[in-house]
Amino acid sequence: MATTTMPGGKAGSQIGRSLPRLEGREKVSGRAEYTHNLRLPGMLHGKIFRSTVAHGRIKSIDTSAAKKIPGVFRVITIDDIKTVIPHPYYGPAFHDQPILADEKVRFVGEPVAVVLATDPHVAEQAVQAITAEYEELPAVYDEIEAMTSKVYVHDELKPAGTFADLKHLTGRKQTNVALDFKLRKGDVEKGFAEAAHVFEHTFRTQKVLHLAFEPFVSIGDAKRDAVTIYTASQGPSFVRTEIARLLGLPENRVRIRVAYLGGGYGSKLYIKLEALVAALSLLARRPVKVSLTMEECFYQITKHPCTFKIKSGVDRDGKIIARKCEVFWNGGAYADVGPRVTQKSGFTASGPYDIEHVHVDSYALYTNLTPAGALRGFGIPQLVWSYESHTDMIARALKMDPVEFRRKNILKAGAKQATGTPVNDAPLEAILERIASRLNWGKPYDHGSGAVKRGRGLAIAIKAVISPTTSVAVLNMTADGSPILYCGTVDMGQGSDTAMAQIVGEVLNLPAESVRVVPRDTDVTPYDMGTLGSRSLFHMGHAVRIAAEEVKAKIAALARELGEPEGSNVPVGELFKKKYGMQAGNIVGSGTYKPDYIPPQPGTGMTTNVAPFWMTAGAGAEVEVDTETGKVTCTRLINVVDCGKPVNPKIVETQISGATLMQFGFTMFEKMHIDGGQVTNASLADYKIPGILDVPAVMENEAIDSIQSNGPFGAKGVGETATFCCGPAIANAIEDACGVRITELPLNAETVFRAIRAQQNNPLGDE
Amino acid sequence: MAARTISFTLNGEPVSAEIAPHHTILEVIRNEFALYGARESCGQGLCGCCTVIVNGTAVSGCLYLAAFADGAAVTTVESLDASGALDPVQEAFIEQGAFQCGFCTPGFILMTKQLLDRHPDPDDDTIKHWLSGNLCRCAAYPEIIQAVKSAARKRAAARS
Chain A
1 MATTTMPGGK AGSQIGRSLP RLEGREKVSG RAEYTHNLRL PGMLHGKIFR
51 STVAHGRIKS IDTSAAKKIP GVFRVITIDD IKTVIPHPYY GPAFHDQPIL
101 ADEKVRFVGE PVAVVLATDP HVAEQAVQAI TAEYEELPAV YDEIEAMTSK
151 VYVHDELKPA GTFADLKHLT GRKQTNVALD FKLRKGDVEK GFAEAAHVFE
201 HTFRTQKVLH LAFEPFVSIG DAKRDAVTIY TASQGPSFVR TEIARLLGLP
251 ENRVRIRVAY LGGGYGSKLY IKLEALVAAL SLLARRPVKV SLTMEECFYQ
301 ITKHPCTFKI KSGVDRDGKI IARKCEVFWN GGAYADVGPR VTQKSGFTAS
351 GPYDIEHVHV DSYALYTNLT PAGALRGFGI PQLVWSYESH TDMIARALKM
401 DPVEFRRKNI LKAGAKQATG TPVNDAPLEA ILERIASRLN WGKPYDHGSG
451 AVKRGRGLAI AIKAVISPTT SVAVLNMTAD GSPILYCGTV DMGQGSDTAM
501 AQIVGEVLNL PAESVRVVPR DTDVTPYDMG TLGSRSLFHM GHAVRIAAEE
551 VKAKIAALAR ELGEPEGSNV PVGELFKKKY GMQAGNIVGS GTYKPDYIPP
601 QPGTGMTTNV APFWMTAGAG AEVEVDTETG KVTCTRLINV VDCGKPVNPK
651 IVETQISGAT LMQFGFTMFE KMHIDGGQVT NASLADYKIP GILDVPAVME
701 NEAIDSIQSN GPFGAKGVGE TATFCCGPAI ANAIEDACGV RITELPLNAE
751 TVFRAIRAQQ NNPLGDE
Chain B
1 MAARTISFTL NGEPVSAEIA PHHTILEVIR NEFALYGARE SCGQGLCGCC
51 TVIVNGTAVS GCLYLAAFAD GAAVTTVESL DASGALDPVQ EAFIEQGAFQ
101 CGFCTPGFIL MTKQLLDRHP DPDDDTIKHW LSGNLCRCAA YPEIIQAVKS
151 AARKRAAARS
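First to last, the sequence lines map onto chains A and B.
Its first residue numbered 1, the first sequence is counted upward by one per residue in this note's numbering.
Its first residue numbered 1, the second sequence is counted upward by one per residue in this note's numbering.
Isolated chain A, as found in the complex (with noise of 0.2 Å):
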C-alpha cells in the first residue's frame, strides 16, 4: 500500500494522513499510562486460589493456615462476597458466572479464594497454604459430545436480559445449549435433491487465547455508596452498567476509568475482574489490585474451539446451490459473550458466496473448560478456516480451478446475503481478482522437486458488523480554543486516539495533533457500547463526527452573533474573547449514533438489514513443504481487505499485517493442550506465540481502494479484518504443494507429516 506521510500539523485534508500515533512519545519513553503501573495509597493485592478439578461440588474450602501467616489481611471466599453482593453472578449475556466459585466449580483454574495482603508475595505464599475438597462430578470439554451429554454444566439457563434475542432462553434446564441460532432461506433438502454433487465435510479449530501482553489487572476502590474500579477493559460502559447492577447502585456512583490498554484483541471485553476487584475492596474498605499472571490468563478467558460440520450441493456448472452449516461452538463453563458469537457469526457461516438455499444452525455449548469469548474476528476465523477449505476441496473434487469456482459463486454487488440483507460497499469480487493477479494466478507455477514440494492457496471472507450498537461523543473547544474530545473507545493499540482526532480536525480544519483524547473515565466519557469488532471507527467515527459538526456550527454562529462576516474564520480563542472580554468559556458539542438495524426473524434469522457495514478480505498464501518433516514455511503472505476510505493508510496497514500474523500463529502452532481439563501448557514458554523469525519472508498488506458510502468519510473499521483468511488460504496451499488436506487447526509439522504418511498409506502411530 503506498503510505504517504504528509507534512505534520497541517490544518485540512486530516483524512487519509499518515500522523503518527499521538501517544507514540509516551510509548517509546516508557512513560505510557497502563493499569499495569497503577499502584493507590494503602492498596491490598489480592491472589486467586483456583479449582484444581473441572466440574464439582466444593464440599469445603480450608483458609486457617493461609490466614496465619504473618502479613495476610484477609482472606475471602464467596460467603464473604455474599455478605457485599447479595446475588453475585454476572456476564453480558447470562448472569451465570459468580464472582468467586458458589457450591460448585466448573472449570480448572475456577476462582475459588482470594488472598489478601499488602505485599503481593505474602499473598501468593498464603494462597499455598489453601486447601479445597471437592466431590469430584463428570465433566464435559467436547462441544460434540456436550449437545447430548447428560453432564450438565449449568441446572438452569440465565439470560441476562441485556440482548433481547436471547430472553427466549429464560429457565431451560438439562442443556448445554446456551444458544441455538438458526437461519432458513430456501429449502435445503430440495437444493440437495436436485444437486448434481454433493459434499460434506468436518472442520476444528483449536482452543488458543488472546494473550495480551499486559495481564488482566484490575484495582477497585469502594467508598461508602460510591466506587471507582482503574481497569484493563475494552468496555468501561458496560462495566459500570453492570458494577451498578451488582451493588445496587445508579450508574452515576460507579466510576470506571482505563488507561492505554497492553493489548485486548477481545479478552478484556465486557467484565472479567472488575465485579471481583469491588467487592474485595468493600469487604477490606481500602483499595485492592488483582493482577494475574501469564500462567493465569490461561483460565480467564480464550478463543472458541469450534467443530464446522459443512455440506453443498452444487450443480452441474458447478454453482453451489445449497448449503447447510452446522456450528458447535466450545464456550467454556460461563457464557460470557458466547451466545452472540454463535448468532452474529451464524449471519455469515454460508461464506461470500450467493446460495439458494441455505440452512444455518449454531450451537453455543457450555463445557468444563475455561470460558470463551470474543477474539479479533467474533468468530468468523473460525467459519472462514471451515467454509474456504471446504470450497477448494470441491474445486479440486469438480476439478475445477479454485478462482474459477469462487468467481461463479461470489456474492456479486446488491445481491442478497444468505440472511436477505444486500451486499453493498463489500468489494468481494475486487478483492478476489487482486488476490489472485498477486498470485500471478493462472501462470504456470514450480510445485518444487525433491522432498520439498511448493504450493500456493487462497481465500475470501465476508463479516456483518455487530449490530446494533450505539456511541456518544462529546467535544469541548476550551478558552483558548483548543479542542477535547471525550469518546469512550478505548485504544489498545489499534490508533483510535489518533483516528478520532483525525476526524475532529477534517471537521473543524484542525490539525489532529492540536486535538486532546481524554483517557476514559466513565465520569466524564460517555457511553459506548465497547471497543470489538472493529466497530469503533464506523460508530465512533460518526458519533465524533457529529460532535464536531456541532461545535462547527456554534461557533459560526458565536462568529455571527459577534458580528464577523460570513466566513472570516476568526479563531475560536478570540471568538471567546471578544464574548466573555477575557480567556473564557466552552463550546460544547455532542454526536450520538446508532445505525438503523432490523432484528432477524426468530427461526429463520431473515432480515433486510442485519448491519451497517460488511466487513469483506482475502488472502494469498505460498507454501514450501518439506515432505520428508512435514514442515511448512510460509514464503509468502497476501492480504487485501476493504476498510472504506483509510482514514490513517500507515495505522491501517500494521492493522492489517498485526492482524494476519497472529492469526497465523493460530494457524501454524499455537494451541492450548488440556488434559482432564488442566492446561498442560499454561506459559509462554510452553505456549508459542509468533516471533521475529516466524514473520512469512514476503508479506503483502493492501486496503482495496473502496469507500464506505455510509461510514464516517468513507471510512469503516479494520481491526479483525486481516485474521478471517490466513488459515485456509495457507491450507489450500499445503493440499496445492503436497496433496494432503489438513481439516483441524493447527498446520504444525506433527499434523501435516502424519496427513502425508497416511496419503501414503503408511500412517504414524498415536505417539
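To be clear, the hints were calculated from the coordinates, so they are not data collected in a lab.
A virtual CB, placed ideally from N, CA and C, is assigned to each residue, including glycine.
There may be inaccurate statements among the hints.
Each computed DMTMM-like pair below joins lysine to aspartate or glutamate, with the alpha-carbon atoms no more than 25 Å apart [what the hints assert, rightly or not]: (1) B:Lys128 - A:Asp686; (2) A:Lys631 - B:Asp124; (3) A:Lys311 - A:Asp446; (4) A:Lys59 - A:Glu33; (5) A:Lys182 - A:Asp354; (6) A:Lys577 - A:Glu561; (7) B:Lys149 - A:Asp694; (8) A:Lys416 - A:Asp155; (9) A:Lys309 - A:Glu200; (10) A:Lys688 - B:Asp125; (11) A:Lys173 - A:Glu200; (12) A:Lys173 - A:Glu145; (13) A:Lys416 - A:Asp596; (14) B:Lys154 - A:Glu26; (15) B:Lys128 - A:Glu624; (16) A:Lys59 - A:Asp80; (17) B:Lys128 - A:Asp626; (18) A:Lys182 - A:Glu156; (19) A:Lys158 - A:Asp79; (20) B:Lys128 - A:Asp694; (21) A:Lys167 - A:Asp596; (22) A:Lys688 - B:Asp124; (23) B:Lys149 - A:Glu700; (24) A:Lys416 - A:Asp480; (25) A:Lys645 - B:Glu95; (26) A:Lys190 - A:Glu200; (27) A:Lys631 - B:Glu95; (28) B:Lys149 - A:Glu26; (29) B:Lys128 - A:Glu700.
Some residues of chain B that are not near chain A, with every Cβ distance over 12 Å (derived) [as the list claims (entries may be wrong)]: (30) Thr9; (31) Gly12; (32) Glu13; (33) Val15; (34) Ala38; (35) Arg39; (36) Ala58; (37) Tyr64; (38) Phe68; (39) Asp70; (40) Ala73.
Got chain A sorted already, so can you dock chain B onto it with the hints?
Below, chain B alone, put in the same frame as chain A:
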C-alpha cells in the same frame, strides 16, 4: 526474610534500596523508584517486556534478582530521553509505526540500542537474531525491522 540494603547506580544516579532476597530488579525499580517502562508480562524471561540494562548488558528484569545488582550500573528506558530529546531509536519507532499497544516497546528499544552499538548497519538476519528474544503480541515485527534500519541510518548520519 532478611532485608538488606543494596547500592547501585540507576540511570547514572547513585541510589540505594532496601530489598528482600526474593525481590527482582524489576520490582525494585518499579516499586522503589517509580520507573514503569520495564514491566512484567510472561514472568519467565521470554517476552522481553521487562528488559533493563545491567552493566551494559540487557537482562530480563523479571528474573534478575535485585541482590545481584548491588554495586552495578542499572539503566532503564527512561534514561534515553533524559536530555529532553528522544533517542534516534525512539524517533525511528514512532516514525515507522513500530508498535501498537506499546507494552513491549521499551524492551525492543533497549535491545535495538544494544544491537546497533555492536552492529551499526545490521542486515535483516542480524536484526531478527538480536530481536528474537523480544515478543510483540500486536506483531509489529515488519515495522520494527524498518525502525531498526531507520535508526541505524539516523545514528550513521549523526556520526558523519
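Outcome of the hint check:
1. B:Lys128 - A:Asp686: The given pair, whose Cα atoms are some 21 Å apart, holds under the 25 Å limit.
2. A:Lys631 - B:Asp124: holds, 23 Å
3. A:Lys311 - A:Asp446: Given pair Lys311 of chain A, Asp446 of chain A is violated - Cα atoms ~33 Å apart, limit 25 Å.
4. A:Lys59 - A:Glu33: violated, 43 Å
5. A:Lys182 - A:Asp354: Judged against 25 Å, a Cα distance of about 18 Å means the pair holds.
6. A:Lys577 - A:Glu561: With Cα atoms ~13 Å apart, Lys577 of chain A and Glu561 of chain A stay inside 25 Å; holds.
7. B:Lys149 - A:Asp694: This hinted pair holds, its Cα atoms lying about 19 Å apart.
8. A:Lys416 - A:Asp155: violated, 41 Å
9. A:Lys309 - A:Glu200: holds, 7 Å
10. A:Lys688 - B:Asp125: With a Cα-Cα distance of about 21 Å, the restraint between Lys688 of chain A and Asp125 of chain B holds, given a limit of 25 Å.
11. A:Lys173 - A:Glu200: violated, 32 Å
12. A:Lys173 - A:Glu145: Within the cut-off at roughly 17 Å; holds.
13. A:Lys416 - A:Asp596: Judged against 25 Å, a Cα distance of about 18 Å means the pair holds.
14. B:Lys154 - A:Glu26: At roughly 21 Å apart (the allowed maximum being 25 Å), Glu26 of chain A and Lys154 of chain B satisfy the hint.
15. B:Lys128 - A:Glu624: Holds: Lys128 of chain B and Glu624 of chain A sit about 21 Å apart, inside 25 Å.
16. A:Lys59 - A:Asp80: Cα-Cα ~17 Å, so holds.
17. B:Lys128 - A:Asp626: Distance ~23 Å between Lys128 of chain B and Asp626 of chain A Cα, so the pair holds.
18. A:Lys182 - A:Glu156: OK: Lys182 of chain A and Glu156 of chain A at ~21 Å, within 25 Å.
19. A:Lys158 - A:Asp79: holds, 21 Å
20. B:Lys128 - A:Asp694: With Cα atoms ~10 Å apart, Lys128 of chain B and Asp694 of chain A stay inside 25 Å; holds.
21. A:Lys167 - A:Asp596: Holds, at about 22 Å.
22. A:Lys688 - B:Asp124: holds, 22 Å
23. B:Lys149 - A:Glu700: Cα-Cα ~19 Å, so holds.
24. A:Lys416 - A:Asp480: violated, 51 Å
25. A:Lys645 - B:Glu95: It holds: about 22 Å lies between the C-alpha atoms, which stays within 25 Å.
26. A:Lys190 - A:Glu200: Distance of about 16 Å is within 25 Å: holds.
27. A:Lys631 - B:Glu95: violated, 36 Å
28. B:Lys149 - A:Glu26: Judged against 25 Å, a Cα distance of about 22 Å means the pair holds.
29. B:Lys128 - A:Glu700: holds, 19 Å
30. Thr9: Non-interface label stands for Thr9 of chain B: nearest chain A Cβ at 18 Å, farther than 12 Å.
31. Gly12: Answer for Gly12 of chain B: holds, closest chain A Cβ roughly 16 Å.
32. Glu13: holds, 17 Å
33. Val15: holds, 18 Å
34. Ala38: violated, 7 Å
35. Arg39: Non-interface label fails for Arg39 of chain B: nearest chain A Cβ at 6 Å, not farther than 12 Å.
36. Ala58: Ala58 of chain B clear of chain A: closest Cβ-Cβ about 14 Å, beyond 12 Å.
37. Tyr64: holds, 16 Å
38. Phe68: Fine: 18 Å to the nearest Cβ keeps Phe68 of chain B off the interface.
39. Asp70: At roughly 20 Å from the nearest Cβ of chain A, Asp70 of chain B sits farther out than 12 Å, so the non-interface label holds.
40. Ala73: The claim stands: Ala73 of chain B keeps its Cβ more than 12 Å from every Cβ of chain A (closest is about 18 Å).
Taken one by one, the earlier hints fail for this structure at numbers 3, 4, 8, 11, 24, 27, 34, 35, listed in ascending order.
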